[in-house]
Amino acid sequence: GSSRLDRGGIDTVTRADPFPPVPQDISRDPFEVVVPIRFNLDR
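For the sequence shown, our numbering assigns the number 1 to the initial residue and increments by one for each residue that follows.
No lab work stands behind these hints, which were simulated from the structure alone. Glycine included, C-beta positions come from ideal geometry on N, C-alpha and C. Some hints here could point you the wrong way.
If you anchor each label on the Cβ, the simulated ranges turn out as follows [claimed, not checked]:
| no. | residue 1 | residue 2 | range |
| --- | --- | --- | --- |
| 1 | 3 | 26 | 16 to 26 Å |
| 2 | 5 | 25 | 33 to 43 Å |
| 3 | 20 | 42 | 26 to 36 Å |
| 4 | 41 | 16 | 19 to 29 Å |
| 5 | 1 | 43 | 11 to 21 Å |
| 6 | 43 | 9 | 37 to 47 Å |
Hey, can you work out the whole structure from these sequences and the hints?
Right under this line is the structure:
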């Protein structure tokens with residue numbers, strides 16, 4: 001992996017916080033949310 005890209009992904013999620021509450025019709029047991037992040041690397 002790339003530490004710079006990893007940091008960019010973490011920073012993106014941090015800036016999106018706070019997240020809306022989980023809808024009541026979704027189980028409160030742990031669940032996974034997958035959000036693809038695409039980086040465009042221009043050199």
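Okay, the hints, checked on the actual structure:
In this structure, residue 3 and residue 26 break the distance hint of 16 to 26 Å, their C-beta atoms being roughly 34 Å apart. With their beta carbons about 35 Å apart, residue 5 and residue 25 fall inside the hinted range of 33 to 43 Å. Evaluation of the 26 to 36 Å hint for residue 20 and residue 42 yields a pass: the beta carbon distance comes to about 33 Å. A hinted range of 19 to 29 Å for the beta carbons of residue 41 and residue 16 is consistent with their spacing of about 22 Å.
Evaluation of the 11 to 21 Å hint for residue 1 and residue 43 yields a pass: the beta carbon distance comes to about 19 Å. For the hinted restraint 37 to 47 Å between residue 43 and residue 9, the CB-CB distance of approximately 20 Å leaves it violated.
Violated hints, listed in ascending order, are 1 and 6; each of the other numbered hints is respected by the structure.
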